[in-house]
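All chains should be modelled from the sequences, with the hints used to inform the complete structure.
Protein chains: 2
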Amino acid sequence: MTKNFYLYNTLSRTKELFVPLHAPNVGLYVCGPTVYGDPHLGHARSAVTFDILFRYLTHLGYKVRYVRNITDVGHLENDADEGKDKIAEKARLEQLEPMEVAQYYMNRYHDAMDKINTLRPSIEPLASGHIIEQTELISEILKNGYAYEINGSVYFDVAEYSKKHNYGKLSGRILEELQSNTRELDGQSDKKATYDFALWKKAAPEHIMRWASPWSDGFPGWHLECSVMSKKYLGNAFDIHGGGMDLIFPHHECEIAQNTAAGNAAAQYWIHNNMITLNGQKMSKSSGNFITLEQLFEGAHKLLEQAYSPMTIRFFILQAHYRSTLDFSNAAMQAAEKGLNRLLKTCDILNNLKPSDSSSLDVSFLEKDCFDALNDDLNTPVAVSVLFDGVRIINLVNEKKETLSKEDIDSLKKLYNTVIFDVLGLKKEEKGNTQLTDDLIKLVLELRQKAKENKDFSTSDKIRDELKNLGITVKDTKEGTAWEL
Amino acid sequence: MTKNFYLYNTLSRTKELFVPLHAPNVGLYVCGPTVYGDPHLGHARSAVTFDILFRYLTHLGYKVRYVRNITDVGHLENDADEGKDKIAEKARLEQLEPMEVAQYYMNRYHDAMDKINTLRPSIEPLASGHIIEQTELISEILKNGYAYEINGSVYFDVAEYSKKHNYGKLSGRILEELQSNTRELDGQSDKKATYDFALWKKAAPEHIMRWASPWSDGFPGWHLECSVMSKKYLGNAFDIHGGGMDLIFPHHECEIAQNTAAGNAAAQYWIHNNMITLNGQKMSKSSGNFITLEQLFEGAHKLLEQAYSPMTIRFFILQAHYRSTLDFSNAAMQAAEKGLNRLLKTCDILNNLKPSDSSSLDVSFLEKDCFDALNDDLNTPVAVSVLFDGVRIINLVNEKKETLSKEDIDSLKKLYNTVIFDVLGLKKEEKGNTQLTDDLIKLVLELRQKAKENKDFSTSDKIRDELKNLGITVKDTKEGTAWEL
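Going down the list, the sequences are from chains X and F.
The numbering used here puts the first sequence at residues 1 to 485.
The numbering used here puts the second sequence at residues 1 to 485.
Hints are supplied without guarantee of correctness; some may be wrong.
Identical chains blur together in the list; that is why a pair holds if it fits in one copy or across any two.
Said to hold, decoys possible - Below, computed lysine-lysine pairings styled on DSS-like, alpha-carbon distance capped at 27 angstroms:
| hint | residue 1 | residue 2 |
| --- | --- | --- |
| 1 | Lys169 | Lys15 |
| 2 | Lys414 | Lys475 |
| 3 | Lys428 | Lys475 |
| 4 | Lys450 | Lys302 |
| 5 | Lys427 | Lys338 |
| 6 | Lys427 | Lys414 |
| 7 | Lys63 | Lys231 |
| 8 | Lys427 | Lys468 |
Bear in mind the hints are in silico, worked out from the structure with no lab data behind them.
Below, the structure is given as structure tokens:
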């Protein structure tokens, strides 16, 4: 079972034909959030990217087990491993139990992801729930001679590993440069070399998040959880590992090194989404340069000219290719909002389109071009532009300037509903009890029609004006009276 | 900081004044769901009971840390410990990874609990995430001589424990009776006595959920997780432990024995909600006699005459005292639906009530009686009946048969809003974009009024009939035209 689906593999730096190890099953592991702050646009981009991958693989007929972890422990403040545990830090700040902070932000993350219509992963394992497996992996790496213990902490020995393996195979970093580019040890670390990274950290006495281990009461290094949880739930060798580009180094490079040092395999395809920038700078919590999703939904941020709905945000994200940077601006968001409305409205028109005996133009290219784009490393912006080519045609047919046969209309309906709703994961955003609203508007328009028939124009005009005040535009056409909210 | 709040303590079999160990902080631990099936009415009753306790403690000014666990491993098929792990069993059935099943049903549980408006606990720890802590507790119990290891499994030694401690102090069970009442060992168990219970079970080779331990690759016994997670997140001694009455024995009895055997303390107050019965029988997954919450929301079960909204279900539950059995019937649910509508409508009337210079009756008893009821072991049915006494008065005032001063109206507003929404956790169920709907109905009624003024009775009658078809009843009163959905 091989499809014509190509994915850019960061490991080989080329687009590769996707061939799963155990078709029709596919294992997909994605690095999820560190739950110590509100989800922002950067989180949304990663989640939407891999949601579309998950949806597309499912569309292709694969049975996908999608694992996305929750980092609730072990993510150190900076990549040099000298910082405090991010979550414990926040907890002390708020005088809360660290897991209370993690639970709070995990709930917030889930709520926001539900809103932008990402499907829930098959499994969402917590780092704190897999300490045993992490200590087992450390023991394995120590046994194989690729790690060393100092004062209760265990570090990965990058120099030793590099004698036999390629540290840098994913990121392209070169060990000698890493060595010369990093500053002198400041004496606070026990590490032999700055590029070594923690597998286990001995906890300071005041550190709340701690577990017993053969080396000390402490906590695992950040990179460990993904090595362990991907293997546990997807198997030793599995298909796809995804995450943001900022995770290529050190996180994913270290993950590969850990797996290799323990004699394990890892993912076949490494897929990375690019960043969202804000005024040209990376949007991220740690840099302070970010807009949360809640602020976007509510328009509550000084940079925002208005609120943007979850589907507008989703459409904005998928209008760029996932490997391109995407710069946030109000103009781009407003264009996305307008484009999405046009696309969804066209779906309604398509569903009510009247067929002719024959088609005056060939529309078969739409399906082919659309799936060619998706098969080409999930090129969603090209797929969307193909859909817009169809929007033009559908509107011409609706205006009776072109014709389409029933067969062509049916295949377009199938294409648009499949791609827009199933694959791209867009949806109509309900603005209330639409059925009752529709029925009431219909009643009001009937009363207006009756008033017109009775030549009671003051009433019919009053109705039109009142409806306009409620945001409902009335249009009289040859077919009757139409309206839109 | 002591309030006048009494709770029935299963341990002492009396109502006791609630005095927290570390006021204003309160630690509350509640046994959550085993996530291997859809949530049903029984889950809702437990969740609503402790949600109201959580809300009321918060209302009293306490800062509550509310921990509710998720059992995703270790709950054995039957209390005799001979069965298979419930979750692993279901997983094999569906050819899924056990954690995929657990994740699926955990999500379903959370969605249903959100719908019935239970507040999310501060921490929701997973049993599978606390294996280290569980093995540590087993080691402690072994060291103290209250457990024994046989063939890689570890059992709690109830007879040994009973020499110094009271096994049965919570449930009132007597050891000798337990012994004589249980059947002969069937040879499949390694236990010394039938009433001994598993702390650690060696996993069969095909068993997927397994962890390394000093005794075997296996999994913890079900009772262990709550001993461990309550201590971890609430401290050695803490305030309240809650759960369904069916958990008193063996689960909570075993929990107390484990804590005591390890030299730990446990909860001060043990609170248990009674069961929901269906045709007089306990409603539970394991007996197959149950209606899921989704079936209730959708009316999709052969015993249901209609769908019942989440708030109807909530109101139905809190109209019985949590320690009474509650028998499900369509008649009772329909009465709850009607009662809730009447109560919420009265809130609207109250919020628009016109004050007089003085009150023609004394309403101060309402607040006193309402909180007296809540302080008396959370007697929600009495509190609700007091609110209904007020409903009668508020309607009399609205009909101008009695009068209330501004001060009395303000204090009633505060009472009703606090108790109904904050403490009992009820809410108005939005049926769509109510503002737009309201405005449209208002417009339609204006048009009807105009038709009547023009003596165009055919139009005005047509409007009334059309609205009736949409479920909107129109009433002409002296003050004008009123309507309700």
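Legend entry - List of violated hint numbers, smallest to largest: Per hint list: 2 and 4 violated.
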